[in-house]
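Protein chains in written order, with my numbering: chain A, 16 to 146; chain B, 16 to 146.
Keep in mind the hints are simulated off the structure, nothing from the lab.
All values reported here derive from a predicted model rather than from experimental measurement.
There are no misleading hints in this set.
If several chains are the same, the list does not tell them apart, and a pair holds so long as it fits within one copy or across any two.
Under the rule of at most 30 Å between Cα atoms (straight-line distance), these lysine-lysine pairs were calculated in the DSS-like manner:
{"id": "1", "residue 1": "Lys91", "residue 2": "Lys38"}
{"id": "2", "residue 1": "Lys132", "residue 2": "Lys91"}
{"id": "3", "residue 1": "Lys142", "residue 2": "Lys121"}
{"id": "4", "residue 1": "Lys118", "residue 2": "Lys129"}
{"id": "5", "residue 1": "Lys38", "residue 2": "Lys129"}
{"id": "6", "residue 1": "Lys37", "residue 2": "Lys121"}
{"id": "7", "residue 1": "Lys121", "residue 2": "Lys36"}
{"id": "8", "residue 1": "Lys38", "residue 2": "Lys118"}
{"id": "9", "residue 1": "Lys132", "residue 2": "Lys142"}
{"id": "10", "residue 1": "Lys38", "residue 2": "Lys121"}
{"id": "11", "residue 1": "Lys91", "residue 2": "Lys36"}
{"id": "12", "residue 1": "Lys36", "residue 2": "Lys104"}
{"id": "13", "residue 1": "Lys104", "residue 2": "Lys38"}
{"id": "14", "residue 1": "Lys91", "residue 2": "Lys37"}
{"id": "15", "residue 1": "Lys36", "residue 2": "Lys132"}
{"id": "16", "residue 1": "Lys118", "residue 2": "Lys37"}
There are 2 protein chains.
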Amino acid sequence: MPRTKKHPQRVSALAEGPANKKKMQVKGRVWIEKDNQTYLSWARVELLELIDQEGSVSAAARSMEMSYSHAWGLVKEMNRLAPDILVEKTTGGKGGGGARLTKAGKVAVAEFWKVVKGFQSWVSRQKMQGS
Amino acid sequence: MPRTKKHPQRVSALAEGPANKKKMQVKGRVWIEKDNQTYLSWARVELLELIDQEGSVSAAARSMEMSYSHAWGLVKEMNRLAPDILVEKTTGGKGGGGARLTKAGKVAVAEFWKVVKGFQSWVSRQKMQGS
Chain A
16 MPRTKKHPQR VSALAEGPAN KKKMQVKGRV WIEKDNQTYL SWARVELLEL
66 IDQEGSVSAA ARSMEMSYSH AWGLVKEMNR LAPDILVEKT TGGKGGGGAR
116 LTKAGKVAVA EFWKVVKGFQ SWVSRQKMQG S
Chain B
16 MPRTKKHPQR VSALAEGPAN KKKMQVKGRV WIEKDNQTYL SWARVELLEL
66 IDQEGSVSAA ARSMEMSYSH AWGLVKEMNR LAPDILVEKT TGGKGGGGAR
116 LTKAGKVAVA EFWKVVKGFQ SWVSRQKMQG S
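The whole structure should be built from the sequences, with the hints applied where relevant.
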């Protein structure tokens with residue numbers, strides 16, 4: 016999924032419709048809850064992708080300018096809510112002590128972006144009259 | 016538009032999809048911006064409807080448990096952003112000094128709920144696999 020900004024957690028809208036002549040537009044956001052608790056959001060899924068890319072939670076947190084403890088809190092929360100954990104620790108190898116996405120993690124990321132893409136498509140069709 | 020709760024400004028989601036067996040569901044919200052400033056949101060439109068119903072900003076604010084100054088701030092902001100003002104003061108008559116929606120205000124309220132209904136319809140079709 017393309018990143019629209021360097022710091023996606025500061026994005027104020029996940030999707031925005033076309034602006035009319037009066038500069039009015041529909042904006043919106045979507046997220047996924049499990050049992051009424053936030054499970055996957057734009058920022059959380061970006062974090063998952065960065066963990067996969069960087070190979071560690073600390074590097075992922077750094078590149079999002081998020082504190083390590085906050086990032087770990089989010090990962091633990093997602094792992095707790097998921098039927099199968101999304102992020103697992105890796106041991107050994109160069110540097111050791113990293114983390115990576117599980118297969119379930121990759122599936123969750125893909126499903127989230129699928130929902131977001133559908134939502135962006137819906138929003139892009141919303142044209143305001145502008146009164 | 017039906018109110019889902021007594022205090023709509025505390026609603027955490029404007030729309031939610033069906034929960035799957037794992038209690039996962041898509042949730043989301045939409046709002047309307049003018050020139051990248053919030054113009055109409057669920058709470059703002061509820062306020063407009065209550066002004067129309069109660070005949071004054073103060074009564075509308077009270078019934079939303081919102082401070083008068085906050086409600087007036089929102090009304091002034093919406094009037095400033097709208098091509099034609101949404102709320103006008105009324106004078107004379109019993110009690111005097113009330114407020115009511117203009118025709119543009121009624122049109123804006125209707126357009127907002129139309130967008131929300133479309134969004135709710137879209138969300139209701141989002142079924143999570145739940146990984």
